[in-house]
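Novice: Chains as they are written, first to last, in the working numbering: chain A, 1 to 313; chain B, 1 to 295.
Simulated from the structure, these hints should not be mistaken for lab results.
You may find that some hints are simply not true.
Computed list of lysine-lysine pairs in DSSO-like fashion (alpha-carbon distance at most 30 angstroms, straight line) [stated by the list, open to error]:
| id | chain 1 | residue 1 | chain 2 | residue 2 |
| --- | --- | --- | --- | --- |
| 1 | B | Lys247 | B | Lys194 |
| 2 | B | Lys252 | B | Lys236 |
| 3 | A | Lys22 | B | Lys153 |
| 4 | A | Lys228 | A | Lys214 |
| 5 | B | Lys209 | B | Lys236 |
| 6 | B | Lys252 | B | Lys295 |
| 7 | A | Lys260 | B | Lys194 |
| 8 | B | Lys153 | A | Lys200 |
| 9 | B | Lys209 | B | Lys156 |
| 10 | B | Lys252 | B | Lys153 |
| 11 | A | Lys200 | B | Lys209 |
| 12 | B | Lys295 | A | Lys22 |
| 13 | B | Lys156 | B | Lys222 |
| 14 | B | Lys81 | B | Lys247 |
| 15 | A | Lys22 | A | Lys228 |
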Amino acid sequence: MANYRKMARQEPQIGEFIRNRKWVFRGDVLVYQPDISCSAFSTDRAGFRHSAFRGDRLSFAECQQRDRFGVVLGASNIFGFGVAGNENALPSLLAERFGFPFANLGMPAGNSRNLYTLLMSIFARSAGRLAAVVHFSGGDYSTFCKTSTSDSIFGSPNPNVFDQGKEPDRIASPERQLPGLLAFSSLWTSAIVQACRMYKVPIVLGHDSTFFDKAAATAIEREFDLGKPSRQSQVRQFANHRKFGDAFYGHRRETADQLKVPLAGRGLTDAMTFVDEFHCDANGTRLLADAVGDALAPLLNVDREARERANAE
Amino acid sequence: MRLRPEVRQFIRNRRWVHRGDTIFYGPNIRCDGFSTDAGGFRHSSFRGESLSVVDCTHRDRYGLVLGPSSVYGFGLAGNDKTMPSLLAERFGFPFANIGLPEGNSRNLFALLLGIVVRSSRPPAAVVHISGGDFTNFCYTAIADPMFGSPNLKQIKTVLEERGGRPPAEQQMPALLAFTSLWIRAIAELCRGNKIPFVLADDTTFFEKKKPSKIERDSDLGKPFNAAQTRQFDTHKRFVADYHTRRKAVAEKLGVALAGPGITNTLGFIDEFHYDADGTRALVDDFAKGLESQLK
Numbered sequence: 001m002a003n004y005r006k007m008a009r010q011e012p013q014i015g016e017f018i019r020n021r022k023w024v025f026r027g028d029v030l031v032y033q034p035d036i037s038c039s040a041f042s043t044d045r046a047g048f049r050h051s052a053f054r055g056d057r058l059s060f061a062e063c064q065q066r067d068r069f070g071v072v073l074g075a076s077n078i079f080g081f082g083v084a085g086n087e088n089a090l091p092s093l094l095a096e097r098f099g100f101p102f103a104n105l106g107m108p109a110g111n112s113r114n115l116y117t118l119l120m121s122i123f124a125r126s127a128g129r130l131a132a133v134v135h136f137s138g139g140d141y142s143t144f145c146k147t148s149t150s151d152s153i154f155g156s157p158n159p160n161v162f163d164q165g166k167e168p169d170r171i172a173s174p175e176r177q178l179p180g181l182l183a184f185s186s187l188w189t190s191a192i193v194q195a196c197r198m199y200k201v202p203i204v205l206g207h208d209s210t211f212f213d214k215a216a217a218t219a220i221e222r223e224f225d226l227g228k229p230s231r232q233s234q235v236r237q238f239a240n241h242r243k244f245g246d247a248f249y250g251h252r253r254e255t256a257d258q259l260k261v262p263l264a265g266r267g268l269t270d271a272m273t274f275v276d277e278f279h280c281d282a283n284g285t286r287l288l289a290d291a292v293g294d295a296l297a298p299l300l301n302v303d304r305e306a307r308e309r310a311n312a313e
Numbered sequence: 001m002r003l004r005p006e007v008r009q010f011i012r013n014r015r016w017v018h019r020g021d022t023i024f025y026g027p028n029i030r031c032d033g034f035s036t037d038a039g040g041f042r043h044s045s046f047r048g049e050s051l052s053v054v055d056c057t058h059r060d061r062y063g064l065v066l067g068p069s070s071v072y073g074f075g076l077a078g079n080d081k082t083m084p085s086l087l088a089e090r091f092g093f094p095f096a097n098i099g100l101p102e103g104n105s106r107n108l109f110a111l112l113l114g115i116v117v118r119s120s121r122p123p124a125a126v127v128h129i130s131g132g133d134f135t136n137f138c139y140t141a142i143a144d145p146m147f148g149s150p151n152l153k154q155i156k157t158v159l160e161e162r163g164g165r166p167p168a169e170q171q172m173p174a175l176l177a178f179t180s181l182w183i184r185a186i187a188e189l190c191r192g193n194k195i196p197f198v199l200a201d202d203t204t205f206f207e208k209k210k211p212s213k214i215e216r217d218s219d220l221g222k223p224f225n226a227a228q229t230r231q232f233d234t235h236k237r238f239v240a241d242y243h244t245r246r247k248a249v250a251e252k253l254g255v256a257l258a259g260p261g262i263t264n265t266l267g268f269i270d271e272f273h274y275d276a277d278g279t280r281a282l283v284d285d286f287a288k289g290l291e292s293q294l295k
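Just chain A, same shape as in the assembly (with noise of 0.2 angstroms):
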């Protein structure tokens, strides 16, 4: 596991990652501690990050209040664990290059069953101003890796549950799971994308990148260890990453073609460079908006034009 000591000690930003690292139960699913704020980011008091706009720091709450704002859905990549700046997470970068606001909905191993309800609630209750939805399921996989085990509605456990160790019986067999992984997965973001479907939101799928997928590592990234396990449970976590991987991205690719909905950022791997095994980092985050930005604003000028010729009308 990457060597965050040695990290912290030559960016100090990243020690502020670390330390402020702390999850909170909201129901029966884990968020991120609210009300952080520190030299590397921010949170909000439901315990999202801070995205930026113009200068503005918004809330998830203050982002639903403006009268156009999208959402970009995800587990602790789309936080920006590791990057620093609230401004140069995916959501800010995707607000700069849009001139609207992006709620930055990333939760601690965010799962596609979770961020629907996100999204529910959104629908439910500022659905005429949301303009963009951005979904990534990279939650769902890395939950998966971690505890062996998925059910086909409910996902894998959460992390918490898992360390406990309470039910040791269902570290099962990954392949037998791996069905129930594939799908959960589609059916939570088959049911975001009909979502946004009934609500007229154009909506675009993400493509996870973690460090287990790239060819070859950095200099950066060899001396930081990455891809290194360094207790037991994280042998079986990234074999787990190594081996399934294939069959998870190619199920994410054909859930997007069967859905006819653009999938960004597949084929930026080996462009991207990381934190960790499963952050990317600064640089690796502008690569990612820009290809989710390329395929989002043709849908976008769409969704203008048919703005316009109803106003006109």
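Given chain A's structure and the hints, the job is docking chain B onto it.
Specialist: Below, chain B without anything else, positioned relative to chain A:
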């Protein structure tokens, strides 16, 4: 247990397991009082057969009862005595028992979505009992407007995180928002698939006007520790608010609301679980709500 020996089986075999972040009953339990299927759902009965949820969804016509342990039928000996089995007897097609421990509407929505998307035929009827949203809340007095209350296995952790319980009145608006959001999601999913739907106005012993002798002898309503004192007190203080909101949601959505509501004369095994007669009386109400839609 002396007065109702059949309850012993339920206590002895009470096991909760995770599916994802959600708590389910132990799968493949078999004892004199009841049995569960491979998914941890209690079997339901139809014309002498014992049916799993999967068995039900393979039939040409089937219904679902979504809810908490009262749907599961805690303490009610005989799978044939539970709500889904009684509805099956009444309508002539099987009903699956989708009862989870403190099953909340968000988790029940997930199960309904999975069945609607994956089954070759959508259900012919859905009865949704949302009382688990409220009873789960009463354990911790904590709720989130999107995710509800922590589950039974998380209570200790959550109370440590928060440094104790917040005032329940501060958290009630979030609970009401949560229950409205997911009742609406369930109702809209049914409407979108043209599935007859009844929202149950379920109830508990605390809303009963006059306890029976066996209920008094069983000390129903008397807390045995400080946690129960708080739980029962929260329940009594806010149950009217919960019922009022559920009624308003049903009216706004234009869905059938069936059941006794805020007062009842039903029989109870404990504070939250109906006895056989109480279950039958409740099912009569639900059936009336469904009948016109099934015609």
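Novice: Against each hint, give a clear statement of whether it holds in the structure.
Specialist: Hints, one by one, checked against the model:
no.	hint	verdict
1	B:Lys247 <-> B:Lys194	holds, 22 angstroms
2	B:Lys252 <-> B:Lys236	holds, 26 angstroms
3	A:Lys22 <-> B:Lys153	holds, 20 angstroms
4	A:Lys228 <-> A:Lys214	holds, 14 angstroms
5	B:Lys209 <-> B:Lys236	holds, 13 angstroms
6	B:Lys252 <-> B:Lys295	holds, 23 angstroms
7	A:Lys260 <-> B:Lys194	holds, 26 angstroms
8	B:Lys153 <-> A:Lys200	violated, 39 angstroms
9	B:Lys209 <-> B:Lys156	violated, 34 angstroms
10	B:Lys252 <-> B:Lys153	violated, 34 angstroms
11	A:Lys200 <-> B:Lys209	violated, 50 angstroms
12	B:Lys295 <-> A:Lys22	violated, 54 angstroms
13	B:Lys156 <-> B:Lys222	holds, 23 angstroms
14	B:Lys81 <-> B:Lys247	holds, 28 angstroms
15	A:Lys22 <-> A:Lys228	holds, 24 angstroms
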